[in-house]
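Visitor: Next come the chains, spelled out residue by residue.
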Amino acid sequence: MQKLNKKDDKQSGSERVLVIGGGVGGIRAALDLAESRRDVLLIDKSYSIGGLMTQLDRTFPTNNCDLCTVSPFLSASGRERYLDIKPMTRIEELTGQAGNFTATLVTEPRYIDIDKCTGCGECVQKFPEAVRFTPGLDPRAPTCMRYPQATPYAFSIDMAKVEDISQIQKVCKADAILSHDEVQKTRIKVGSVVLSVGAELFDPSVLDNYGGGQCQNIVTGLEYERIMSASGPFQGSLVRVSDNKQPKKIAWIQCVGSRGINEADVPYCSGVCCMYALKEAMVTKERFEEDIETTIFYMDMRTHGKDYERYFNRAKDEYKVRMIRSRPHSIIENSSTKDLSITYALEEEAVQKTEDFDMVVLSTGFRAGKDATDLASKLGIDLNEHNFAKTDHFNSVKTSRPGVYVCGVYESPKDIPETMVQASAAALMASANLPVICADEKIEDFFPRERDVTGQEVKLGVFVCDCGIDIGGVVDVGKLIDYVKTNSDVAVAKAVGHGCSAESMAQIESLILEHGVNRVVIGGCSPRTHESKFQDLLRRVGLNRYLVEIVNLRDQNTWAHRGQPRQAQEKACKLLQIGISGVRKNRPLMENTLPMSQNALVIGGGVTGMTSALKLADQGILTYIIERAPALGGLARSIRKTIEGEDVGAFVARLVEKVMAHENIHVMTRSIVVDHSGMPGLFKTGIQTGLRMNYMSIDHGVTILATGALANRPGEYGLGTLDGVVTQLELDFMLEDDTEKIAAMDQVVMIQCVGSREENNPNCSRICCQAAMKNALRIKQINPETQVFVLYRDIRTYGFQEDYYREARNLGVKFVRYSLNTKPLVTQEDGRFYVRVYDFILGQKIEIEADCLALSTGLVADDETTEDLAMMFHLPRTLDHYFLEEHVKLRPVDMAVRGVFIAGTIHSPKTIRESVTQALAAAGRAQTLLAKKEINLGAAVVRVDKDKCASCLVCVRACPFDIPFINADGYSQIDPDKCQGCGVCAADCPAKAIQLLTYEDDQILAKLDGLFERVN
Amino acid sequence: MENYEPEIVAFCCHYCAYTAADMAGSKRISYPANVKIIRVPCTGKVDAIHIMKALEKGADGVYVAGCLEGDCHFKTGNARARLRVARVQKILEDLGWEKERVAMINMSAGMGERFAKTAFEFTEKIKSLGPNPISQGKIEVQAVS
Amino acid sequence: MITAEQKPMQEIIQYLAPYSKILLVGCNECVTVCAAGGRKEVGLLASALHLNSLKQGKTIDIKEITLERQCDPEYVEELTSYIDAADAVLSMSCGCGVQTIATRFKQAHVYPAVNTKFMGASLSQGVWAERCQGCGDCMLGITAGICPVSRCSKSLLNGPCGGTSNGQCEIGPETDCAWRLIWERLKELGIEGRYEALVDAKDWRPAGGAGPRKIIREDLAL
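As you go down the protein sequences, you meet chains B, H and A in turn. For the first sequence, counting from 1, position 538 maps to 546 in our numbering; every step adds exactly one. For the second sequence, counting from 1, position 41 maps to 859 in our numbering; every step adds exactly one. For the third sequence, counting from 1, position 180 maps to 197 in our numbering; every step adds exactly one.
There may be inaccurate statements among the hints.
What the hints assert, rightly or not - Okay, derived cross-link-like pairs now, DSS-like style, lysine-lysine, Cα gap no bigger than 25 Å in a straight line:
1) B:K398 / B:K386
2) B:K94 / B:K541
3) A:K72 / H:K943
4) B:K986 / H:K893
5) H:K917 / A:K72
6) B:K134 / H:K845
7) A:K72 / H:K956
8) B:K169 / H:K845
9) H:K945 / A:K72
10) A:K75 / H:K908
11) H:K908 / A:K72
12) H:K935 / B:K253
13) H:K908 / A:K24
14) H:K956 / A:K38
15) A:K80 / B:K593
16) B:K541 / H:K845
17) A:K75 / H:K956
18) A:K75 / H:K917
Quick caveat, the hints were computed from the structure, so don't treat them as lab data. It should be emphasised that the depicted structure is a prediction, and the values quoted were computed from it without experimental measurement.
Generate the whole structure from the sequences, applying the supplied hints.
Guide: Encoded structure:
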């Protein structure tokens, strides 16, 4: 683990935040806190961080490979100087109160000195039994790291499975194995706590009707992920466990252990299983196309997330994933073929069917296990009836104990983007009352002044690790040094044992200084893991960090070619020569920084915008709220009650009052944005404000867009033409203001998905099913005799909303399913409605008479507003005109333009509670940027030679991020603060006017020279 | 030229192919030592000239290895790379060279096996094509002089 | 912009067969923009030529240089210091550049590496289409901004011929009938009446019919 001279006196301060759980949520929270310059300790009970996500093959809805998405993210957590990581650690006790907690931590023995371990894997080669167990199908990969990008990059030994530790010690060339290691108990002061411990996955082996855990070809969703995963037990080949043959026919069964009333079941919905089953089926289809048949058995297809309905449609229409609406009764295994027979009943047919499959995947969901309840009692926080953390009605990250916050699945079942949102929200809440650490202290202060090497003759220092036997056991390092010395500009070349050990690093430092070295080559392991370590070494000796080249002698040579030492020796020489020839061309590069504006601009004065603004203002940030309406409040003013029964009006009124009274908030109503310029940290936005539309310009460092969405009002089923047809929002008002009218009603019909999930608006509006439940339950409360019919396509009461669905059914609310081609017909006679719809269960058309028709119309994007803002702020939108975040999985509130964040229904339809969470997350993310006080423009960016530029527009068109433009002087300008460093423009430029720093053409060509001209 | 050992340059993107190569190593999966990797941030950085220069300097084969199609860390870099490889193949054809000496390969970071397998297959292919025609030129000249 | 495309490799190779010292000259104007002869193409062609000669066991010396604009004598003057060392000059600019070099350096063996194609516009990255034939008497003002001279296969001036089929030209379905485009745009602009106006027979002398053309601006002459 890297620590830059971290001061030990901070360890005892109660200004720290303790983050418990190192899954993606915990990592995000810890990184956010560290980036906003709060001292953080991240603990995880496992031996490396990463959690559940690192076990997935691919993630929806992008179907991307996870490892490449997560790994930069994880190594980032190793780089933050405000962040400490303690793996194999759990919390025992939390005493005191918010701002002054004392946490008792218990660290299990690893029996390995992480500082010495090089991650060579030699111990595991010889002692595979010491491998730690990984949930699901044990990959038993040749390393006992969970995945190759594991952080920390080190092993752990399971002492219970070791007979003689001295035997293992013998194979460890790094001398990293400890025969004695003890459980350590430490007590630390912390100011606040973030919980992100996740949940367990349901173990379906208790279900006898689904094989009782005895059938090899019945796997859980996670096990299927491991089978498909490139780092999994079958190296990514899809095979049946029973016979290692590729299956031809796979079935997924949804809601296994969820949404049920049986003993083993939980009543709630796990929220993610529909999507992961679709993903697994699609990825399977992508790989095998016609060779494989995929079938999903489901109850309701719950694709309520952003753009998820389109994903579902793609699965059905493009990938031909077969969808069967049924909860299968049982699975029977054929004892000889190990094939599986599924017995199921179709809604529209009375008979049961049986069908054979090669493999069955059980979509199991989240469970709060015993660990969760134990943790809650140790921390003294309340749990809800499902044993998940109980949180505030309007703040989903606030637990019952002040100062303790929660994110991710420990709060409720949810997917990764929602976890990320909550993580950033929890980080913000946890940091609220904690001071920023040493804000004025620059990292540069730790390092001596950089030596100017420009114009100096190249003096090379080449240091080659033997990495124990990992390099030295395959190639002759001494001969490599002899070879290296044939380069006349090598001032010093030396074998350095374990180059990454503290001892060797010190030796390298003194050799560099002694010989006046100005370019360094390290022959060792992969630059992916060790480049930054050696870059920091250079900084310590006053050299620019870009003057080092890491030659991958281990991972890409001695490990791969250890059976052919002669070839490995020859290749090692060539690789070293590539590095030597390349590093000669390396130039010192500056990472430019600019001071940034500390103001924030929040566009939109609804609940979301107000929440974000308040949190930023509380941190002392001058915040502007721009609202086009005459008053604050937004769409929430047209909602009276939440499904939990909370008074929305009172909540909004409290928010408005706080915002208006806050000294750091400038509210500007009747205001619109008219122009925008600048760059992240230094934005300038022009607005027109007030009745006279006066122009004013605002300087700000960050922007939060929260202009919301619009209540949809499609002209269907008589809405707007027939008297008495209302939307759920209007019914919500009637339920508060006109209870007598409601009480007098005999029958009420609700129609779901009105104007959603159709061709012109294909996505799900997410909020309507819970709105229908909320209003149906209130009708029943006012008059239990009133009959309520809900005509639906799929009921999408995800997570704990399922409780309200169940309650509605228990109270006699009737649910009648319709499909897109059997939409209900509505007529009105003498003020009464007649709704005709085909009932699949009865197999005939039914007619329902109703006093009131309530339509669940949901939300649509505010096309006009998002289009204007998208143009002015250069931001992408989705096909549905919502804003498109930078990374739908991992960065759900960040936009592609740094410093711009989105929250609330401008992102996608969501409930008030969800919008508030996102508002907190956006404020949190904005705060991390502002905390830096200055913008680091990086160094690996492109540079344009304006004299060569032919202003041909190729770079403008080729850039994947739309950064280049032809400036007023007629040449291409590529802002270094926006450049992502891919180099596509540099390679496409027909005038060769663009160079990507650190990968310039002469550097690449020099490497080729090294390979061919020197060695051959 | 029996049993000659070709020199092969692989331009590998940092996020996928380079990581896959590391992974092949960490799993101790063997592949021909002929392959020498040059790391680039994205295959979108690999210019047609880099490939040509590698051949000119003596490489017997050159391949560009990037993320899976659609998975590029930089959105479209690997798609650009594929087109540039095709351009170089066209030039080679025009010169009467085997266009198979250059190739585009895709893999994800987790695919250590695929890295090794493609390295092996590409090396075999280049072995079957024989050495870079430049070296044949050199030999002919030696024979004449 | 003037567009160009690289000549077939074998043609270039044949031109250069007798020479061993080549001055390869690119141009940073039109041919850079249409990716036929800018700094990058110069590099690629040089590399290809090296490969070709190395295969034959020869080495050729190629000096790469890309001028700001090959059709101006002042820029071409920059070649002075290299020209004597070269057996031949290979120009990657349009025909104007090749001739400017040939005019300036009387002794030089100059060869074109590209075929100059047409005056065109960029439709999207990598796609250029002919938009002007330099007829010297522009009639875009009466044809709704669509040129019948360059975009009608027959350069008809008074409506389409009988060969138009489903709005496409008879030479191939990938070519729009220019007169269909003109008619549609006239309608869009609400000035379809102009379609009826007859255009007199065109005087093709300004288009080159009276021999090579020249522009002389006495006010600018020094």
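Visitor: Does each hint hold? Answer for all of them.
Guide: Going down the list of hints, with the structure as the test:
no.: 1; hint: B:K398 / B:K386; result: holds, 15 Å
no.: 2; hint: B:K94 / B:K541; result: holds, 20 Å
no.: 3; hint: A:K72 / H:K943; result: holds, 20 Å
no.: 4; hint: B:K986 / H:K893; result: holds, 15 Å
no.: 5; hint: H:K917 / A:K72; result: holds, 15 Å
no.: 6; hint: B:K134 / H:K845; result: holds, 14 Å
no.: 7; hint: A:K72 / H:K956; result: holds, 8 Å
no.: 8; hint: B:K169 / H:K845; result: holds, 23 Å
no.: 9; hint: H:K945 / A:K72; result: holds, 18 Å
no.: 10; hint: A:K75 / H:K908; result: holds, 23 Å
no.: 11; hint: H:K908 / A:K72; result: holds, 17 Å
no.: 12; hint: H:K935 / B:K253; result: holds, 21 Å
no.: 13; hint: H:K908 / A:K24; result: holds, 13 Å
no.: 14; hint: H:K956 / A:K38; result: holds, 19 Å
no.: 15; hint: A:K80 / B:K593; result: holds, 23 Å
no.: 16; hint: B:K541 / H:K845; result: holds, 24 Å
no.: 17; hint: A:K75 / H:K956; result: holds, 8 Å
no.: 18; hint: A:K75 / H:K917; result: holds, 22 Å
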